Amino acid sequence: MSDAIPAIEHLVPHSGDMSLLDRVLFADDSSLVAEVTPKPGQLFCRDGEIGSWVGIEYMAQAIAAWAGLQARARGEAPKVGFLLGCRRYQALVPAFAFDAPLRVRIELQFLADNGLGQFECGIDSAGQRLATAQLKVFEPSDTEQFIKESMQ
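Going by numbering that gives the first Met the number 0, the sequence shown opens with residue 0, and the numbers climb by one from there.
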């Protein structure tokens, strides 16, 4: 993988307020570390805090960034994928602190030829583990056709 990591908006299909990650710090063929700094007023900020449940979306977007880097390495545009499920999400804090950078780490456990994958994920801040999960994802070869067939 190239040493130059593109800006997050070139890696994920999310845009505007839905693009939650700030940047990718590290990536290789099986893992990625992204950074996000929660701020007041951001999407999913409720009652003056960003609940730790948002960590699942941070993890999913880190996986999307990893998939976007893989696609770019093949000369393709990043594609839309799907979060199929989450196992064992454990949040060790009720909310993420504002203005404290979070490191979102994902590691590929398997990726099948049909686009089904599983990642071990974690969120850390200042050397402390804040959340962990195992996410299952799916990236169909033809997203539009997959959606069309799923709607029938």
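Hints were generated in silico from the structure; no laboratory data involved.
Since this is a predicted model, take the numbers as computed values, not measurements.
By construction, the Cβ of each residue, glycine as well, lies at the ideal position given by its N, Cα and C atoms.
Do not take every clue at face value.
Said to hold, decoys possible - Capping the alpha-carbon separation at 20 Å, the derived lysine to aspartate or glutamate pairs in EDC-like fashion look like this: (1) Lys38 to Asp98; (2) Lys38 to Asp112; (3) Lys78 to Glu56; (4) Lys135 to Glu48; (5) Lys38 to Glu48; (6) Lys38 to Asp123; (7) Lys38 to Glu56; (8) Lys38 to Asp16; (9) Lys38 to Glu119; (10) Lys147 to Glu48; (11) Lys135 to Glu106; (12) Lys38 to Glu75; (13) Lys147 to Asp98; (14) Lys38 to Asp27; (15) Lys78 to Asp112; (16) Lys38 to Glu106; (17) Lys147 to Glu56; (18) Lys78 to Asp123; (19) Lys135 to Asp16; (20) Lys38 to Asp28; (21) Lys135 to Asp112.
Claimed, not checked - Computed spacing ranges between beta-carbons, pair by pair: (22) Ala3 to Gln151: 25 to 31 Å; (23) Leu91 to Thr36: 30 to 36 Å; (24) Phe43 to Ala3: 28 to 34 Å; (25) Met150 to Glu8: 35 to 41 Å; (26) Glu119 to Ala70: 30 to 36 Å; (27) Asp16 to Leu82: 38 to 44 Å; (28) Leu110 to Gln89: 21 to 27 Å.
Results for each hint:
1. Lys38 to Asp98: Holds, at roughly 6 Å.
2. Lys38 to Asp112: The given pair, whose Cα atoms are some 38 Å apart, is violated under the 20 Å limit.
3. Lys78 to Glu56: 17 Å, holds
4. Lys135 to Glu48: 27 Å, violated
5. Lys38 to Glu48: 9 Å, holds
6. Lys38 to Asp123: 16 Å, holds
7. Lys38 to Glu56: 16 Å, holds
8. Lys38 to Asp16: 12 Å, holds
9. Lys38 to Glu119: The hint is violated at about 26 Å.
10. Lys147 to Glu48: 38 Å, violated
11. Lys135 to Glu106: Roughly 12 Å separates the two Cα atoms, so the pair holds.
12. Lys38 to Glu75: At roughly 33 Å apart (the allowed maximum being 20 Å), Glu75 and Lys38 break the hint.
13. Lys147 to Asp98: It is violated: about 41 Å lies between the C-alpha atoms, which goes past 20 Å.
14. Lys38 to Asp27: Violated, because 28 Å separates the two Cα atoms, which is more than 20 Å.
15. Lys78 to Asp112: Holds. Lys78 to Asp112 sits at ~16 Å (cutoff 20 Å).
16. Lys38 to Glu106: 26 Å, violated
17. Lys147 to Glu56: 25 Å, violated
18. Lys78 to Asp123: 27 Å, violated
19. Lys135 to Asp16: Between Lys135 and Asp16 the Cα gap is close to 24 Å, so the pair fails against 20 Å, i.e. violated.
20. Lys38 to Asp28: 31 Å, violated
21. Lys135 to Asp112: 14 Å, holds
22. Ala3 to Gln151: 25 to 31 Å: Violated - the Cβ-Cβ distance for Ala3 and Gln151, about 42 Å, lies outside 25 to 31 Å.
23. Leu91 to Thr36: 30 to 36 Å: 19 Å, violated
24. Phe43 to Ala3: 28 to 34 Å: 30 Å, holds
25. Met150 to Glu8: 35 to 41 Å: Since the Cβ atoms of Met150 and Glu8 sit about 29 Å apart, the hinted range of 35 to 41 Å is violated.
26. Glu119 to Ala70: 30 to 36 Å: 21 Å, violated
27. Asp16 to Leu82: 38 to 44 Å: 18 Å, violated
28. Leu110 to Gln89: 21 to 27 Å: Cβ of Leu110 to Cβ of Gln89: about 24 Å, so the range 21 to 27 Å holds.
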